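Each chain, letter by letter, is given below.
Protein chains: 2
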Amino acid sequence: MADFAQATVKLVDGMQFVGESGTGHAFVMDAAPGVGGKNSGCRPMELLLIGLGGCTGMDVVSILRKKKLDVKDVTMNVKGKWVEGDNYPKYFEGIEVEYVVRGKGITDDAVRRAIELSESKYCSVAANLRGVSKITTSFRVENE
Amino acid sequence: MADFAQATVKLVDGMQFVGESGTGHAFVMDAAPGVGGKNSGCRPMELLLIGLGGCTGMDVVSILRKKKLDVKDVTMNVKGKWVEGDNYPKYFEGIEVEYVVRGKGITDDAVRRAIELSESKYCSVAANLRGVSKITTSFRVENE
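Protein sequences, first through last, are from chains A and B.
Note that our numbering has the first sequence beginning at 4, numbered continuously upward.
Note that our numbering has the second sequence beginning at 4, numbered continuously upward.
Everything labelled a hint here was simulated from the structure, so no lab data went into it.
Certain hints may be false.
Which copy? The list can't say, so a pair holds if one copy fits it or any two copies do.
[Claimed, not checked] Calculated cross-link-like contacts (lysine to any residue; reagent style SDA-like; alpha-carbon spacing at most 25 Å):
(1) K69 x G106
(2) K71 x F142
(3) K69 x G97
(4) K107 x I66
(5) K93 x K137
(6) K82 x K124
(7) K70 x D6
(8) K75 x T110
(9) K84 x S123
(10) K107 x G27
(11) K84 x I138
(12) K93 x T11
(13) K69 x V21
(14) K93 x G17
(15) K13 x G88
(16) K84 x V74
All figures in this text were calculated on a predicted structure; none of them were measured in a lab.
Sequences are here, hints too, so could you generate the full structure?
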């Protein structure tokens, strides 16, 4: 693994920025209307939630597949709770991740264990956020 | 401000996931080839770097514009240094943000102050990451 990951973020216009990752993928961020933006792209803080969902989702899918389980779909619903009060900076004091796993013959135990392994061992985004945000998880299995 | 921000992240195929933000913007994440991915989208951890660059970039641009400064371009080069050693989970033990501000008559003092205000008061992404990552900044002004 390289020592560094990197990204470049460049102002386009107004409050619209384009971020390009070191692996060559770009997308737009923008502020909300009312604070100078046009909602042409997601808010920077939403990226933390999407990154967390993607990171732990990759872990959970990998672990379930290694157990030869027939996973049809995995969805993470991620909610970041803003810290209360009028102080700045704002941040997420808590983040809830709800996993919905669809497949055939998937057991609650397998999903619970996969989520635990992601949280405790593999998920880099969770490790980077939980110094500030309390991360809680729940899950639901939907077998065909 | 709403109490929550949210996102939904859904498996597409392989290790490819699509994240959709609560404000309605979607993009692809994928793992690297070699760990089951196809590099069809950015890595989840890269989102933390892009989010940090976008968040502090919005602050810095807003602050410089409020001072009626003629800002032509702002670029943030963001590097996340992986924690050393073989332990898991991996995370960024440090993040460097280099700001490059182009314009007319932009002073170093104005940029330094804007970055300080973003760091200490406004930047939500920095506030969410610095529990784990030591964030350092540098800047360069390029006047026309």
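Evaluated hints:
no.	hint	verdict
1	K69 x G106	within (14 Å within a copy, 54 Å between copies)
2	K71 x F142	within (20 Å within a copy, 50 Å between copies)
3	K69 x G97	neither (31 Å within a copy, 33 Å between copies)
4	K107 x I66	within (16 Å within a copy, 54 Å between copies)
5	K93 x K137	both (15 Å within a copy, 18 Å between copies)
6	K82 x K124	both (22 Å within a copy, 23 Å between copies)
7	K70 x D6	neither (31 Å within a copy, 38 Å between copies)
8	K75 x T110	within (14 Å within a copy, 56 Å between copies)
9	K84 x S123	both (22 Å within a copy, 21 Å between copies)
10	K107 x G27	neither (36 Å within a copy, 31 Å between copies)
11	K84 x I138	both (10 Å within a copy, 23 Å between copies)
12	K93 x T11	both (24 Å within a copy, 22 Å between copies)
13	K69 x V21	between (36 Å within a copy, 22 Å between copies)
14	K93 x G17	within (22 Å within a copy, 36 Å between copies)
15	K13 x G88	neither (32 Å within a copy, 33 Å between copies)
16	K84 x V74	neither (30 Å within a copy, 34 Å between copies)
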